[in-house]
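Visitor: With the sequences and hints as input, model every part of the structure.
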Amino acid sequence: MAASFKAGDFFEASESGAADHELRRKLENASGRHLEHLARTKAEFSPYEDERAESRRIKEDAIGHLDELIVELTRKLEERGCRVFAASTAAEARDYIVGLARKSGAKRIVKGKSMTTEEIGLNPALEAAGMEVIETDLGEYIVQLRREPPSHIITPAIHLSKEDIGRLFHEKLGMTYTAEPERLTAEARARLREAFLGADIGITGVNFAVAETGTLVVVENEGNGRMSSTMPDIFVAVMGIEKVIPRLSDLSHFLEVLGRTATGQKLTTYTNLISGPRREDELDGPREVHVVMLDNGRSAMLADPVMREALYCIRCGACLNVCPVYRHIGGHAYRSPYPGPIGSIVSPNLVGESTSMLPFASTLCGACKEICPVKIDIPRLLLHLRWKESSGANGPRWPRGAAGARAGGRRFARLARYPWVVRMLGRAGAMMLRPFARDGWIRKMPPPFGNWTRLRDFPLPRPKAAPKPREDS
Amino acid sequence: MTMADLEAIVARVKSALASAPGATNHRAHPAPPDDAVIGDRRAELASRFARELEAVGGRAIGPVAPAEVGPRLVSIVRERGVKSVAAGAGVECDLPALAANLEAEGVAVYRSAPVSTESRAEVRARVAKADAGLAEADYAIASTGTLVVLSEPARPSSLTLLPPVSIVVLQVGRIRPDLAAALAETGPQALQHRMTLITGPSRTADIEKRIVMGVHGPKSLDVILVWPDE
Numbered sequence: 001m002a003a004s005f006k007a008g009d010f011f012e013a014s015e016s017g018a019a020d021h022e023l024r025r026k027l028e029n030a031s032g033r034h035l036e037h038l039a040r041t042k043a044e045f046s047p048y049e050d051e052r053a054e055s056r057r058i059k060e061d062a063i064g065h066l067d068e069l070i071v072e073l074t075r076k077l078e079e080r081g082c083r084v085f086a087a088s089t090a091a092e093a094r095d096y097i098v099g100l101a102r103k104s105g106a107k108r109i110v111k112g113k114s115m116t117t118e119e120i121g122l123n124p125a126l127e128a129a130g131m132e133v134i135e136t137d138l139g140e141y142i143v144q145l146r147r148e149p150p151s152h153i154i155t156p157a158i159h160l161s162k163e164d165i166g167r168l169f170h171e172k173l174g175m176t177y178t179a180e181p182e183r184l185t186a187e188a189r190a191r192l193r194e195a196f197l198g199a200d201i202g203i204t205g206v207n208f209a210v211a212e213t214g215t216l217v218v219v220e221n222e223g224n225g226r227m228s229s230t231m232p233d234i235f236v237a238v239m240g241i242e243k244v245i246p247r248l249s250d251l252s253h254f255l256e257v258l259g260r261t262a263t264g265q266k267l268t269t270y271t272n273l274i275s276g277p278r279r280e281d282e283l284d285g286p287r288e289v290h291v292v293m294l295d296n297g298r299s300a301m302l303a304d305p306v307m308r309e310a311l312y313c314i315r316c317g318a319c320l321n322v323c324p325v326y327r328h329i330g331g332h333a334y335r336s337p338y339p340g341p342i343g344s345i346v347s348p349n350l351v352g353e354s355t356s357m358l359p360f361a362s363t364l365c366g367a368c369k370e371i372c373p374v375k376i377d378i379p380r381l382l383l384h385l386r387w388k389e390s391s392g393a394n395g396p397r398w399p400r401g402a403a404g405a406r407a408g409g410r411r412f413a414r415l416a417r418y419p420w421v422v423r424m425l426g427r428a429g430a431m432m433l434r435p436f437a438r439d440g441w442i443r444k445m446p447p448p449f450g451n452w453t454r455l456r457d458f459p460l461p462r463p464k465a466a467p468k469p470r471e472d473s
Numbered sequence: 474m475t476m477a478d479l480e481a482i483v484a485r486v487k488s489a490l491a492s493a494p495g496a497t498n499h500r501a502h503p504a505p506p507d508d509a510v511i512g513d514r515r516a517e518l519a520s521r522f523a524r525e526l527e528a529v530g531g532r533a534i535g536p537v538a539p540a541e542v543g544p545r546l547v548s549i550v551r552e553r554g555v556k557s558v559a560a561g562a563g564v565e566c567d568l569p570a571l572a573a574n575l576e577a578e579g580v581a582v583y584r585s586a587p588v589s590t591e592s593r594a595e596v597r598a599r600v601a602k603a604d605a606g607l608a609e610a611d612y613a614i615a616s617t618g619t620l621v622v623l624s625e626p627a628r629p630s631s632l633t634l635l636p637p638v639s640i641v642v643l644q645v646g647r648i649r650p651d652l653a654a655a656l657a658e659t660g661p662q663a664l665q666h667r668m669t670l671i672t673g674p675s676r677t678a679d680i681e682k683r684i685v686m687g688v689h690g691p692k693s694l695d696v697i698l699v700w701p702d703e
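In the order they appear, the protein sequences are chains A and B.
If you're matching positions, the first sequence starts at 1 in my numbering and goes up one per residue.
If you're matching positions, the second sequence starts at 474 in my numbering and goes up one per residue.
Worth flagging that the hints you see were computed from the coordinates, not collected in a lab.
Don't take each hint at face value.
Said to hold, decoys possible - Capping the alpha-carbon separation at 27 angstroms, the derived lysine-lysine pairs in DSS-like fashion look like this:
1) Lys692/B - Lys172/A
2) Lys107/A - Lys602/B
3) Lys602/B - Lys388/A
4) Lys26/A - Lys682/B
5) Lys172/A - Lys369/A
6) Lys172/A - Lys162/A
7) Lys162/A - Lys556/B
8) Lys172/A - Lys26/A
9) Lys375/A - Lys682/B
10) Lys692/B - Lys556/B
11) Lys692/B - Lys602/B
12) Lys602/B - Lys369/A
13) Lys487/B - Lys172/A
14) Lys375/A - Lys487/B
15) Lys487/B - Lys556/B
16) Lys162/A - Lys682/B
These numbers come from a predicted model, not from an experiment.
Guide: What follows is the structure, given as structure tokens:
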């Protein structure tokens, strides 16, 4: 299957997301429940703020020594018997994994949830090479059956209701229709259990990689990451270079905050610490462990002193759940495996040009910064990217628009020297708009202001009191 | 891997860091907790562990005396309707002997042992077919209700993953107050090829954020806490 992200018009996609009332109901439902869980576990855990500060500090330290840590991690992984492949680009990472699968004669590949493999477009490449690729995280399994990409980094099928999934399983798996999550889950368990036991290769992402010990840490709830990394003979871990942390003792701080912010759990059900392949007489574990360390734009982010902060992200997904824009338009509108506030920052660097509009898709309300477990100042980074995008080395992106805005600004500045002219023009404008208004609101404005009223109403300017907010808004 | 690839990335990272230097601050390891202190707190840690385990959908049984473990095991197996059990070696406790007692109850027992390449698939299939897996935890974490399980040839990870019923024996002296203390205990050196932290039965919230147990791993997790004879 080929659930990949196609470049497209973000604004068009976000409009259709916003217009989908059913989608918004589902998003509100799921993200609201997430926030409830979150508040509860945080309230119970008083050192949360300390752990958060410590996690932030360790990330600053780790990213500040990334060069040494990558070398140390590679050495330790190789000492443990892992094979490390350093990939500068998405294509290099993809080619390595496809080559490995071909060489080993693999037919069936099971995957744990990994946004990094979405980033490099791994599934379509493996399928093009004739391999069967099965996503095993329940949410990913569901979106794969629908042949669409995930819409949330923690809850990939957040845009679907249990009824949607019931119909999907009925159509694709021939199961009798039911909307009971228990029965749907049991069906997926039976099918995926078979897949795990017969797979040739398992692929997962990596949450943390401990340089000191050469340990890969995979955090999950379902057990599919554990299955993917123990059952098949070959295990491939795909990680961005920013996932490295210095010491094993650093891990506890991150795990304390990650479970709480990602899913409202004190600790996720399974935390897998993998340090190398199985021993000769051991039942479980892969014969070969391959670690793909991916740059693909990360070193460029590191070189920008403002953007560097984005590399601290531990991909908990909390900023998506609190974001008013994400909750309004859903994950698919972002056209990137990394949606939401953090996605708007990393996508232009990791996914590319097609996502360069994303930093503009924010109200800068700051809810993301508030909830971030490593305190990333997301609004600041968004502004930085907007600034880069509109005054970058290649010149402004919309030269005519920018020139027009500047000229308009200059004209207004001249005009504003005569306050009575401004007042008079304001009154004249309000008078001219009056025929278009109903109950104090204008639903459709004449050009060139039509873009404003395409999505929202405009209040009729009045000399004194502003109109009362409408009940439905 | 060709070293050139790694060097290329490291060189890029180095020059990126040089353009905007970061914080410098590598710290020392935290000291592992004092065993004497843990000894005094066993009762408190055991009750906290039990509470947290139940909060994540597991079940805590005991603490019981070592001689009581066998009878408790029999009652769990009856209650869950288990017809077959797969067991490996224990940490402190003699799991094979406990498993042998179950045979008298009419339960088929499969003893997992170190495998050869030829027998791996077969052994795995038998563990996967068992109704229950019996294992002993290396450590536990009181503040989160977590079991810490190291894998070894005689104690495969599958036992706590493949069967739908998971039964784990835990010595109360092996409970540590929190995650940091447990990691300090296993330490960088003691880290085996695989260490798994298990917090409750396997679960998902992927359908409308509703929690469902037993998606890929066990549906139930029973932990028998053992208080040593003194």
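Visitor: If a hint holds in the structure, say so; if it does not, say that too.
Guide: Results of checking the hints against the structure:
1. Lys692/B - Lys172/A: Distance of about 26 angstroms is within 27 angstroms: holds.
2. Lys107/A - Lys602/B: holds, 24 angstroms
3. Lys602/B - Lys388/A: The given pair, whose Cα atoms are some 58 angstroms apart, is violated under the 27 angstroms limit.
4. Lys26/A - Lys682/B: holds, 10 angstroms
5. Lys172/A - Lys369/A: violated, 41 angstroms
6. Lys172/A - Lys162/A: holds, 15 angstroms
7. Lys162/A - Lys556/B: violated, 34 angstroms
8. Lys172/A - Lys26/A: holds, 22 angstroms
9. Lys375/A - Lys682/B: Roughly 25 angstroms between the alpha carbons, so the hint for Lys375/A and Lys682/B holds.
10. Lys692/B - Lys556/B: holds, 16 angstroms
11. Lys692/B - Lys602/B: holds, 15 angstroms
12. Lys602/B - Lys369/A: With a Cα-Cα distance of about 48 angstroms, the restraint between Lys602/B and Lys369/A is violated, given a limit of 27 angstroms.
13. Lys487/B - Lys172/A: Cα-Cα ~50 angstroms, so violated.
14. Lys375/A - Lys487/B: Cα-Cα ~25 angstroms, so holds.
15. Lys487/B - Lys556/B: Not OK: Lys487/B and Lys556/B at ~60 angstroms, beyond 27 angstroms, violated.
16. Lys162/A - Lys682/B: holds, 10 angstroms
Comparing the model with each earlier hint shows violations of hints 3, 5, 7, 12, 13, 15; every other hint is respected.
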